[in-house]
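Taking the hints into account, I'd like the entire structure generated from these sequences.
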Amino acid sequence: MNPELVANAVGSSEGVELVPSQPAMIEFVGRWQVRGFPITSLKRYTLKRNPGYHVGIHTPPDALFLEYPASRLTLVGWRLGLLAEQLRLGRVARVRVVPPRYTPRVRGPQAAAMWIRDFQFSRI
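In terms of our numbering, the sequence shown has 88 at position 88, counting the first letter as 1, and numbering is strictly consecutive.
Keep in mind the hints are simulated off the structure, nothing from the lab. It is possible that part of the hints are untrue.
25 Å max Cα-Cα, derived DMTMM-like pairs, lysine to aspartate or glutamate [what the hints assert, rightly or not]:
| no. | residue 1 | residue 2 |
| --- | --- | --- |
| 1 | Lys-48 | Glu-85 |
| 2 | Lys-43 | Asp-118 |
| 3 | Lys-43 | Glu-27 |
| 4 | Lys-43 | Glu-85 |
| 5 | Lys-48 | Glu-67 |
| 6 | Lys-48 | Glu-27 |
| 7 | Lys-43 | Glu-67 |
| 8 | Lys-48 | Asp-118 |
Put into structure tokens, the structure is as follows:
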């Protein structure tokens with residue numbers, strides 16, 4: 001984690017903290033866990049449709065798979081293509097799970113920004 005860089009973050013999009021220069025670590029903050037990985041260890045990322053997505057139900061349509069040498073993170077949310085772009089630029093310092101409030105009443109709070117509903121960690 002880079003406390004100084006994260007504290008001085010220049011941009012934020014509903015749970016994603018960006019910094020102007022490449023941080024040493026990316027921190028993933030979930031509801032029950034926090035994981036940190038060296039940004040240079042990211043082998044690849046893949047953006048796909050969430051396998052659990054069903055049209056008309058309030059489930060996230062996007063899944064972003066991040067592969068590290070010994071582990072894999074799966075993020076699900078909305079507009080994760082924006083996050084993939086920032087990963088490519090090396091500006092992501094922290095990713096937080098931000099479940100949309102009042103999901104049953106709101107058709108898509110995530111329409112204007114990226115939202116990460118959840119992430120799962122697994123060892124390879």
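Hint numbers contradicted by this structure: Per hint list: zero violations.
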